[in-house]
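**Student:** With the sequences and hints as input, model every part of the structure.
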Amino acid sequence: NAGVTQTPKFQVLKTGQSMTLQCAQDMNHNSMYWYRQDPGMGLRLIYYSASEGTTDKGEVPNGYNVSRLNKREFSLRLESAAPSQTSVYFCASNPGQGNGEKLFFGSGTQLSVL
Amino acid sequence: RKEVEQDPGPFNVPEGATVAFNCTYSNSASQSFFWYRQDCRKEPKLLMSVYSSGNEDGRFTAQLNRASQYISLLIRDSKLSDSATYLCVVNMGGYIPTFGRGTSLIVHP
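One line per chain: the protein sequences are H and R, in this order.
In this text, residue positions in the first sequence follow our numbering: the first is 1, and each later residue adds one.
In this text, residue positions in the second sequence follow our numbering: the first is 1, and each later residue adds one.
These are calculated hints, taken from the structure and not from any lab test.
Do not take every clue at face value.
Simulated pairs of lysine-lysine, DSS-like, Cα-Cα distance not exceeding 27 Å [to be verified]:
#, chain 1, residue 1, chain 2, residue 2
1, R, Lys-45, H, Lys-9
2, R, Lys-45, H, Lys-57
3, H, Lys-14, H, Lys-57
4, R, Lys-42, H, Lys-57
5, H, Lys-14, R, Lys-45
6, H, Lys-71, H, Lys-9
7, H, Lys-9, R, Lys-42
8, H, Lys-71, R, Lys-2
9, H, Lys-102, R, Lys-79
10, R, Lys-79, H, Lys-71
11, H, Lys-102, H, Lys-71
12, H, Lys-57, H, Lys-9
13, R, Lys-2, R, Lys-42
14, H, Lys-14, R, Lys-79
15, H, Lys-102, H, Lys-57
16, R, Lys-79, R, Lys-45
17, H, Lys-102, R, Lys-42
18, H, Lys-57, R, Lys-2
19, R, Lys-79, R, Lys-42
20, H, Lys-102, H, Lys-9
21, H, Lys-14, R, Lys-42
22, H, Lys-71, H, Lys-57
23, R, Lys-2, R, Lys-45
Heads up, incomplete: computed chain H residues facing chain R, CB under 8 Å, no partners named [claimed, not checked]:
#, residue
24, Gly-40
25, Lys-102
26, Phe-105
Ideal Cβ positions, reconstructed from N, Cα and C, are used throughout, including at glycine.
**Tutor:** See the structure below:
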């Protein structure tokens, strides 16, 4: 049982380049999330998808777009990367019954924007 | 004011010590509470849920104080392997878990 799979694990971009972070879960979860983590800042929510077909902004959505491709997959796109987007990105999922279940995390993507 | 606040530490304690962390939250309607552990920028992993009546898992005890809007984590008989960052997570209703910034614990010999 793979759980939550994120790709890539590491990425270096130049300012202005675009890329998509991929996330897939095999637990039949309804809700999926993208967080970023910066030193001293904890995890901040970028976007989430409460269920297939819906997406909503989190705390720090600027500069990002998301796609909930199907129930399994939730991708995060940087259209024009900026150095401020250098961070560690985590995808997470949970059953999504709306009453606060625990989160299951992917192993993270270390992104550097030069 | 951040919705979920934690003392970042670090808490530097000797092996065998007892250490406690608190986490305060701003939304009185918050419904569920968790402690996660994170090692060296790896993914967070659930340590324990926090129940209204308090709960214990081995050396770890979690408590919730709704009146004062905080949760706590107590670690007894600290081990070197307990060194990590402890993240408080509060679900304020619906689908959005909110993280504190984490508390760093260093257990030394």
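**Student:** Indicate, hint by hint, whether the structure satisfies it.
**Tutor:** Verification of the hints:
1. The straight-line distance between the Cα atoms of Lys-45/R and Lys-9/H is roughly 18 Å, inside the 27 Å bound, and the hint therefore holds.
2. A C-alpha spacing of about 24 Å is found between Lys-45/R and Lys-57/H, which places the hinted pair at or below 27 Å, so the restraint holds.
3. Under the criterion of a C-alpha separation no larger than 27 Å, the hint pairing Lys-14/H with Lys-57/H is consistent with the structure, at around 25 Å.
4. Only pairs whose Cα atoms come within 27 Å are accepted, and Lys-42/R paired with Lys-57/H is accepted, the gap being roughly 24 Å.
5. Distance restraint check for Lys-14/H and Lys-45/R: the Cα-Cα separation of roughly 32 Å exceeds the 27 Å cut-off, and the hinted pair is therefore not satisfied.
6. Between the alpha carbons of Lys-71/H and Lys-9/H the distance comes to roughly 22 Å, so the proposed pair stays at or under 27 Å and holds.
7. For a cut-off of 27 Å, the pair hint linking Lys-9/H to Lys-42/R stands: about 11 Å separates their Cα positions.
8. The hinted pair formed by Lys-71/H and Lys-2/R fails the criterion: a straight-line CA distance of about 32 Å is larger than 27 Å.
9. For the given pair, Lys-102/H sits about 25 Å from Lys-79/R by alpha-carbon distance, which is consistent with the 27 Å threshold.
10. Restraint check for Lys-79/R and Lys-71/H: not satisfied, since their Cα atoms lie roughly 41 Å apart, outside the 27 Å limit.
11. At most 27 Å may separate the alpha-carbon atoms for a hinted pair to count; Lys-102/H and Lys-71/H meet this at roughly 18 Å.
12. At roughly 24 Å between alpha-carbon atoms, Lys-57/H and Lys-9/H fall within 27 Å of each other, so this suggested pair holds.
13. Between Lys-2/R and Lys-42/R the alpha-carbon distance is near 23 Å, which keeps this suggested pair within the 27 Å criterion.
14. This hinted pair does not check out: Lys-14/H and Lys-79/R have alpha carbons roughly 43 Å apart, beyond 27 Å.
15. Of the pairs offered as hints, the one joining Lys-102/H and Lys-57/H holds, with about 20 Å between alpha carbons and a cut-off of 27 Å not exceeded.
16. Restraint check for Lys-79/R and Lys-45/R: satisfied, since their Cα atoms lie roughly 18 Å apart, inside the 27 Å limit.
17. The hinted pair formed by Lys-102/H and Lys-42/R meets the criterion: a straight-line CA distance of about 17 Å does not exceed 27 Å.
18. At most 27 Å may separate the alpha-carbon atoms for a hinted pair to count; Lys-57/H and Lys-2/R meet this at roughly 18 Å.
19. Only pairs whose Cα atoms come within 27 Å are accepted, and Lys-79/R paired with Lys-42/R is accepted, the gap being roughly 20 Å.
20. Only pairs whose Cα atoms come within 27 Å are accepted, and Lys-102/H paired with Lys-9/H is accepted, the gap being roughly 23 Å.
21. Pair hint Lys-14/H plus Lys-42/R holds up; C-alpha atoms about 24 Å apart against a cutoff of 27 Å.
22. Restraint check for Lys-71/H and Lys-57/H: satisfied, since their Cα atoms lie roughly 18 Å apart, inside the 27 Å limit.
23. Our distance criterion of 27 Å between C-alpha atoms is met by Lys-2/R and Lys-45/R, whose separation comes to about 22 Å.
24. Hint on Gly-40/H holds. Least Cβ distance to chain R is approximately 7 Å, under the 8 Å limit.
25. Hint on Lys-102/H holds. Least Cβ distance to chain R is approximately 5 Å, under the 8 Å limit.
26. Taking 8 Å as the C-beta contact cut-off toward chain R, the hint placing Phe-105/H at the interface holds, the least distance being around 4 Å.
When held up to the earlier numbered hints, the structure conflicts with 5, 8, 10 and 14 and fits the remainder.
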